[in-house]
Amino acid sequence: MSIKFSEDHEWIQSQEDDLVIIGITDFAQEQLGDLVYVELPEVGDECSRGENISVIESVKAASDLVAPVSGTIIEVNSRLEDEPELVTEDSMGDGWFIKVKLSSPEELDDLMEESAYNSFIEE
Amino acid sequence: MSKDKQIRTTPLYQMHLDAGAKMVPFAGYEMPVSYPLGIKKEHNHTREKAGLFDVSHMGQIRLVGANAKKALESLVPVDIIDLPLMKLRYALFTNKSGGVMDDLMVTNLGDEELFLVVNAGCKNADFDHLQSTIGDDCKIEFLKDAALLALQGPSSYKVLSEIMPSINEMTFMTAKKVAINGIECLITRSGYTGEDGFEISLPAKDSEELAKLLLSNKEVEWVGLGARDSLRLEAGLSLYGHELDTNHSPVESSLSWALSKIRRAGGEREGNYLGSETIMNHLDEGSETKVVGLQPEGRMPVRDGATIEDELGNKVGKVTSGGFGPSINRPIAIARLQKSYIENNSKLFAIVRDKKIAVEIVSLPFVKQNYYRG
Numbered sequence: 001m002s003i004k005f006s007e008d009h010e011w012i013q014s015q016e017d018d019l020v021i022i023g024i025t026d027f028a029q030e031q032l033g034d035l036v037y038v039e040l041p042e043v044g045d046e047c048s049r050g051e052n053i054s055v056i057e058s059v060k061a062a063s064d065l066v067a068p069v070s071g072t073i074i075e076v077n078s079r080l081e082d083e084p085e086l087v088t089e090d091s092m093g094d095g096w097f098i099k100v101k102l103s104s105p106e107e108l109d110d111l112m113e114e115s116a117y118n119s120f121i122e123e
Numbered sequence: 124m125s126k127d128k129q130i131r132t133t134p135l136y137q138m139h140l141d142a143g144a145k146m147v148p149f150a151g152y153e154m155p156v157s158y159p160l161g162i163k164k165e166h167n168h169t170r171e172k173a174g175l176f177d178v179s180h181m182g183q184i185r186l187v188g189a190n191a192k193k194a195l196e197s198l199v200p201v202d203i204i205d206l207p208l209m210k211l212r213y214a215l216f217t218n219k220s221g222g223v224m225d226d227l228m229v230t231n232l233g234d235e236e237l238f239l240v241v242n243a244g245c246k247n248a249d250f251d252h253l254q255s256t257i258g259d260d261c262k263i264e265f266l267k268d269a270a271l272l273a274l275q276g277p278s279s280y281k282v283l284s285e286i287m288p289s290i291n292e293m294t295f296m297t298a299k300k301v302a303i304n305g306i307e308c309l310i311t312r313s314g315y316t317g318e319d320g321f322e323i324s325l326p327a328k329d330s331e332e333l334a335k336l337l338l339s340n341k342e343v344e345w346v347g348l349g350a351r352d353s354l355r356l357e358a359g360l361s362l363y364g365h366e367l368d369t370n371h372s373p374v375e376s377s378l379s380w381a382l383s384k385i386r387r388a389g390g391e392r393e394g395n396y397l398g399s400e401t402i403m404n405h406l407d408e409g410s411e412t413k414v415v416g417l418q419p420e421g422r423m424p425v426r427d428g429a430t431i432e433d434e435l436g437n438k439v440g441k442v443t444s445g446g447f448g449p450s451i452n453r454p455i456a457i458a459r460l461q462k463s464y465i466e467n468n469s470k471l472f473a474i475v476r477d478k479k480i481a482v483e484i485v486s487l488p489f490v491k492q493n494y495y496r497g
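Residue numbers (the working numbering), protein chains in the order written: chain D, 1 to 123; chain L, 124 to 497.
Same shape as in the complex, but just chain D (with noise of 0.2 Å):
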């Protein structure tokens, strides 16, 4: 299972059979700071690169999560609509926000490796 990164600073992890997990990484969810409301996208929605698919609620802001890749949604992690605290808790874990199965699976290629984002992230 390989893991990549989005300029956005969403982590997507791929599964068998064209399916990723995407999640926000640590740190965005740092810079967001203490996460009051987690908006997600409903089951079967499609999504395409680069669209708004959920809106994740600081104290201060709202902020967009764009999709860093397309398809199908066709799971939410529902527990971040009473615990939207799991994403600051657990980032790359109990607070995953979306699994989807990619229609042009070919966008995973132009997505970061971790060095990569990892650098990305220190400019």
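Since the hints were made in silico from the structure, they are not lab data.
Among the hints, erroneous ones may be present.
Stated by the list, open to error - Stretch-level coverage of chain L by chain D, calculated; a stretch enters the list once three of its residues show a Cβ under 8 Å from a Cβ in chain D:
#1 160–170
#2 423–437
#3 444–457
What the hints assert, rightly or not - Computed spacing ranges between beta-carbons, pair by pair:
#4 P159(L) x I74(D): 34 to 44 Å
#5 S48(D) x R131(L): 57 to 67 Å
#6 N468(L) x T72(D): 39 to 49 Å
#7 N218(L) x E30(D): 39 to 49 Å
#8 S48(D) x D427(L): 26 to 36 Å
Predicted model, so just to flag it, every value in this text is computed and none were measured.
Idealized CB from N, CA, C, for every residue including glycine.
Once you've looked at the hints, dock chain L against the given chain D.
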């Protein structure tokens, strides 16, 4: 050229960096929005113990002269002449059309001296306004070398009285000059969080020493502008540029309580300030809009600028401040609404990202104010 050249810092800038603060530009200053504790915990710490805020970006202005009080009265709908010695009063600078240019705190420091604290974003305009209107009647000076600290929360009295025992007889909205370790401080029992607390004006060069002394008490934590906003929102306190602006009179912003009786129609010194006709007319006949508290249904925050509609989709107002209240663990908002819809008890909705969120009009504050009135 580079924006960096214009941005200013407070005397405590280095301390904020050392404390790990996240700094953001605010009203021309590089200010701490939060510290490693995070907005939510800083907020809760202030409600439970004591938070220390650097508010040195705010404008501190001194008016000096035999006519200073009378002169300031011509600019605010508030009784300044009879403000007792070492007492504070909340005031508003009005404009010719009855709108609000800024809100401020006025302290009577003596027969010929007033101390004003104004908003950071308005302070230069306020100074020019004072200079051009009453500059011939009294001396107006910025306290450029002064810092301003706020210590807020239920433990503030205990913390401050340990180092300044003479604050013991102070009640809410009173002031006192106190020296600590040779540092001359002007203390007021006031604040912007709804909690008991103090604001301390002192020489910039001594501010770090006092901040360190206060922080050495384990009840005290630095608190940034992020929590300052959520604290004042829960306490139902207006923020200039949100609930208050040049287009709305104090009456339209539900601040009639701040208009002194003696300056109202029939009062001994009625009117005679900028925009007084409009404001007295609004007091008399009522205004078209009011500012009210809103409780959104569910967990989604309803933020500044969100449109408020009735069931039929008629636009009835706008959210002026909105966010999440950490102490009550739910979204809260303040909105400016057309008065008829408030009175009709209409079913209202906030429009957030094309969704309709039901909102209920509630009385302010959201969290009980805990001022010490003796």
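Hint check against the structure, violated hint numbers in rising order: 5
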